[in-house]
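Asker: Full structure from sequences and hints, please.
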Amino acid sequence: MTRRVTAAIAILMVGLLIALDHAGTDLNPYKAPPLLALGSGTAASGGFCGALPE
Amino acid sequence: MADAAVAGAAGSGAAPGGRLASRGLIVLAGLAAVLAVALLAGARYGLLLALGLGFGLVLEGLRFGFAGPWRAMILRRDPSGILAQLLAIALVSVVAFPLLARAGGEIQGAAAPIGWAMAGGAFVFGAAMQVVLGCGSGTLVNAGSGNPVSLLALPFFAIGSFLGAYSLVWWTGLGALPVLTLTGGSGLALTLVLLAAVAGLLLLLAAPGTRRVPRRLVIAALLLAALAVGNLVVAGQPWGVVYGLGLWGAKAAVALGADLSGSAFWTAPGNAARLEASLLTDVTSLTNIGIICGAFLVSCWRQGGLSQPLPKLPARAWAATVVTGLLLGYSSRLAFGCNVGAFFSGISTGSLHGWVWFAMAFAGSVIGVRLRPALGLEART
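Just so you know, the sequences run in chain order A and B. Read left to right, the first sequence gives residues 1 to 54 (this note's numbering). Read left to right, the second sequence gives residues 1 to 381 (this note's numbering).
No lab work stands behind these hints: they were computed from the structure. Do not take every clue at face value.
[To be verified] Just so you have them, the derived chain A footprint on chain B, three or more residues with Cβ under 8 Å:
(1) 20 to 27
(2) 56 to 69
(3) 208 to 219
[Unchecked claim] Some chain A residues judged to face chain B by a derived CB distance under 7 Å, without partners named:
(4) Met1
(5) Ala23
(6) Leu27
(7) Gly46
Backbone N, C-alpha and C fix where the C-beta goes; we use that ideal spot for every residue, glycine too.
Answerer: Here it is in structure tokens:
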């Protein structure tokens, strides 16, 4: 067996993760934030590993 | 993507014309994924996936890593890889410090408090990343390129990250300083002096013949710095890995019926909202997915990149991989980041916790390189 199998499994896992998540959530590109945070005038609000919960 | 795998696999032994066609499919697969996310979720999210793919392409394509170079310094006194890391961090800081000073709340650094749990978490993470030879970004890259150890470690990394975040507030309560950051021109100057001092120390300790950085790593450092600045400008936050993995674990736990109401972390408004939202709108999830897919695309592109046989490891090595994956995730949450979020992004955006993380994780790595053969993950020397 080669890495061909394990690499394919990795991509299938990613695909499965996205598919299962997509089944339970909604996407709306019209509610998306501006392309760039810099210059947008809005505060950064993404999740980050350094942030403690407020 | 699966088509690209087949194409890449076929390409390893194909004629030049067939290889060209399969490589064209690889490029198309990447572009199609970015376009799909941009159309479904929004242009910013498509761009973040593109940045993630870029990280994966650079890390795998130019073989730029974190755990490996630390191991090389510890075992062979070869500092070239760490010097490249320091170069990338310095380049990002030169741009990030002025941006953070002027952008107000639009852009945030990787600021986090120094504390007992933070320092201990960094130590454990440093040891764990040497056991499986994969840090935060390294585990994603290695999984995408078909490394079976990282592929097994990755889901447990996500579970550990979820559990670490679940109890993060309790751990931080054991004792932590306020958030300490270097800012402005003086902060940038001090950061660059400290980076130069570490580089000087490494060069002093280096074995003869190792005091140079290969051009491949210099190019990788330049590209990684550009991508990291891009992440900062597009997302308003630095490059990170661990939050996204924890979110994947939390979403899986909720899907299986877990009640997260007892966690101060996962019930905080921002985190609770992200649990409800699509992964395709989460910054670190998108870049993580991009890194895995970028590494996969490089492996497909390379002639024979996926034809390497899988290693035959003893059962205790696989058991150690599971435990180490959990530890990587749990400890990196307590440490407020991994090699990317704390070390790379913390230092380059002025957070002093990044420096403590560096020292503690390096000390842990010294232990980790000795644990790796004992756990059956390499031949005993």
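Asker: It remains to establish, for every hint, whether it holds in the given structure.
Answerer: Now the hints, each set against the structure:
For the stretch 20 to 27 of chain B, the proposed coverage by chain A is not satisfied: 0 residues have a C-beta within less than 8 Å of a C-beta in that chain, short of the threshold of three. Here's how the stretch 56 to 69 of chain B fares: 0 of its residues keep a CB closer than 8 Å to some CB of chain A, so the rule of at least three is not met and the hint is violated. Under the rule that three or more residues need a Cβ within less than 8 Å of chain A, the assignment of the stretch 208 to 219 of chain B is violated, with 0 such residues. The beta carbon of methionine 1 of chain A comes within 5 Å of a beta carbon in chain B, closer than 7 Å, and the hint placing it at the interface holds.
Residue-level restraint check for alanine 23 of chain A is violated (minimum Cβ-Cβ distance to chain B is 10 Å; threshold 7 Å). The restraint placing leucine 27 of chain A at the interface with chain B holds, with a minimum CB-CB distance near 5 Å, inside the 7 Å limit. Taking 7 Å as the C-beta contact cut-off toward chain B, the hint placing glycine 46 of chain A at the interface holds, the least distance being around 4 Å.
Against the hints set out earlier in the document, violations occur for numbers 1, 2, 3 and 5.
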